[in-house]
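Working from the sequences, and respecting the hints, build out all of it.
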Amino acid sequence: MMAGMTAPHPSRTAGQKNDTTLGHIVYVLKDNPVTMLAFAMLAFFMGCALFGPLLVPYDPLATNAARALEAPSWDHWFGTDNLGRDVFSRVVIATRLDLTISVAAVALSFVIGSILGSITGYWGGWLDAVLNRLLDTIMAFPLFVLAMGVVAALGNTIENIIYATAIINIPFYARLVRAEVNIRRNAGFAQAAKLAGNSDLRVLAVHIFPNALPPMMVQVSLNLGWAILNAAGLSFIGLGVRPPTPEWGIMVAEGANFIVSGEWWMAVFPGLWLMLAVFTFNLLGDGLRDIVDPRKRT
Amino acid sequence: MSPRSKMILGRVAQAIPVVMGVVVISFLLTRALPGDPAAYFAGPAADEASIAEIREALGLDKSLFQQFFFYVGDLVRGDLGTSLTTGQTVTSDLAARLPASLELTLVALLLSCAIAIPLGVLAATRPGTWVDHLCRVLVTAGVSMPTFFTGIALIYVFYYIAGLAPSPLGRLDFIYLSPQHVTGFYLIDAALAGDLETWIAALKQLILPATTLALFTLAPIARMTRAAMLSALSADFIRTARAAGLGSRKILYGYAFRNALLPVVTTLGMVFSFTLGANVLVEKVFAWPGIGSYAVEALVVSDYAAVQGFVLAMALLFVVLNLIIDIAYALIDPRIGLK
Chain A
1 MMAGMTAPHP SRTAGQKNDT TLGHIVYVLK DNPVTMLAFA MLAFFMGCAL
51 FGPLLVPYDP LATNAARALE APSWDHWFGT DNLGRDVFSR VVIATRLDLT
101 ISVAAVALSF VIGSILGSIT GYWGGWLDAV LNRLLDTIMA FPLFVLAMGV
151 VAALGNTIEN IIYATAIINI PFYARLVRAE VNIRRNAGFA QAAKLAGNSD
201 LRVLAVHIFP NALPPMMVQV SLNLGWAILN AAGLSFIGLG VRPPTPEWGI
251 MVAEGANFIV SGEWWMAVFP GLWLMLAVFT FNLLGDGLRD IVDPRKRT
Chain B
299 MSPRSKMILG RVAQAIPVVM GVVVISFLLT RALPGDPAAY FAGPAADEAS
349 IAEIREALGL DKSLFQQFFF YVGDLVRGDL GTSLTTGQTV TSDLAARLPA
399 SLELTLVALL LSCAIAIPLG VLAATRPGTW VDHLCRVLVT AGVSMPTFFT
449 GIALIYVFYY IAGLAPSPLG RLDFIYLSPQ HVTGFYLIDA ALAGDLETWI
499 AALKQLILPA TTLALFTLAP IARMTRAAML SALSADFIRT ARAAGLGSRK
549 ILYGYAFRNA LLPVVTTLGM VFSFTLGANV LVEKVFAWPG IGSYAVEALV
599 VSDYAAVQGF VLAMALLFVV LNLIIDIAYA LIDPRIGLK
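Here the protein sequences line up with chains A and B, keeping their order.
First residue of the first sequence: 1, per the working numbering; consecutive thereafter.
First residue of the second sequence: 299, per the working numbering; consecutive thereafter.
Everything labelled a hint here was simulated from the structure, so no lab data went into it.
We treat Cβ as the ideally placed atom computed from N, Cα and C, and that holds for glycine.
Just so you know, not all the hints are guaranteed correct.
Here chain B is said to cover these stretches of chain A; the calculated rule only asks that three of the stretch's residues, wherever they fall, bring their Cβ under 8 angstroms from a Cβ of chain B [as the list claims (entries may be wrong)]:
(1) 129-136
(2) 140-146
(3) 198-212
Laid out in structure tokens, this is it:
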């Protein structure tokens, strides 16, 4: 990735010494405490996902009818739900599932989008035209609605939520990679690599494609946020994850029934947690954009 | 033929392959139904013979290619199948519920534009000030908010605590009769009937769901307005206008804003797509009787014809809307067709 990054950007900051990628990142981060905060929050959510089950005070599935619908207290930080389950434990445990769904979906669309975008950007021709029409068609659907349709058609499981979320995100990656590959397919360094005896595939994969990675990282980060929202939205309307599995969307949906009678904690805490996770990825995306492309800094 | 009408015809021609693609995808989604559709449509009590009969009646014994032509034929006749839950045709169900969704979406978009566009203009004219920072925070927070959660939070604050909003159940409180059906938009129908009381009641029901949707769409509109205004303000013709001594108000609204409006209108098309998706969630939260909640109810009981009809209708609605925006664009912008 570093070799790729240095090739096409005829060093903008050539005057400075020690101009490594790491140095640049440290420099930008020092300037931008918000991005640092975003990284800290990301670490927090990763910690919850990895170690959550070891840390939570209660079993997320254990019901306790005697202590149902209790407001937040020292025993139950986020209160208890209508079955007496601890909302805090459930919210923390759900982190792993929600992050897994969004990471898996984004990884799938990243890989498929990269392959489609690279091929069409490099070779062009009728393949390019066909793919463009196909992507136009996918984008013609309101994306959440298409995801609903896909899950309805494929069946109501967590894997299908992942596939649906991946499908609606593929166009963004394919378009991005196609554009990045297309402008470089006849660049000097690509031609040099080819003259040196590399095959088309190798030039594409090793020399041209890595240039698309920095802008894609930004896309990945923003997309992770959307993917979480999308998955939570689908489970909110009863698709994918099923109760009693703890998941943020379902917990908000269950809490919604109690909000009109004043038991706010059941819906508010999972909702806030979800919002914070999405917010983290959005901040991270903006921060990464600063690192990757200083010109787009706002 | 004038270059402008040529451009409009070209744009219409571009929409045709997309519409065809949408139909193909929706056909594939229909055929990907889990299990045997014939057994599904026959119901749980059917025996082998009746399933085979239904398979023949549905054309499922034909090749996929032939089935596609039957499907397109049905679509042309406006036949999307029959909903298992309501017993009505999907087309009539969707038509009956569409005005509720459109009313909600349009009011939300109007509300959102009324806040986001001035905010974007203010942020662009005063970069680096508190307005700019407020705009950026709102933008990032807005895109991070799950609509279903915002809706629930608003219900809690304005219905449960403050008691200002009516109970979040549908388009009109049950003590009122719905206004006589003219357009299906309650606000318009009540106004036409001259019934102020019903109009206010309908507006009260509408405010919270519309605000929820508006908060969600605030971000892209404000962000786009800010960016478009910044680039318009740095253009040469603004410098010329300033040099010619025009007033700042004239420059800002007469020159910069009119030019910045074009990308904002394009963004509105994209925002409309988000809103159609978010509509589904908001309608569920507020028990709003639109096509979104219809689709959710259908999903829960595996009423696939209704879901597929909904997906197709939404996609076609969106394609047509984008077409209208692009054509409006060609009619408004005097530069188009001159290049």
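How the hints compare with the structure:
1. Counting residues of the segment 129-136 of chain A whose beta carbon lies closer than 8 angstroms to any beta carbon of chain B gives 3, which meets the minimum of three for the stated coverage.
2. With 7 residues bearing a CB less than 8 angstroms from a CB of chain B, the segment 140-146 of chain A meets the requirement of three and the coverage assertion stands.
3. Counting residues of the segment 198-212 of chain A whose beta-carbon sits less than 8 angstroms from any beta-carbon of chain B gives 0, not enough to reach three: the coverage restraint is violated.
Violated hints amount to a single one, hint 3; each of the other numbered hints is respected by the structure.
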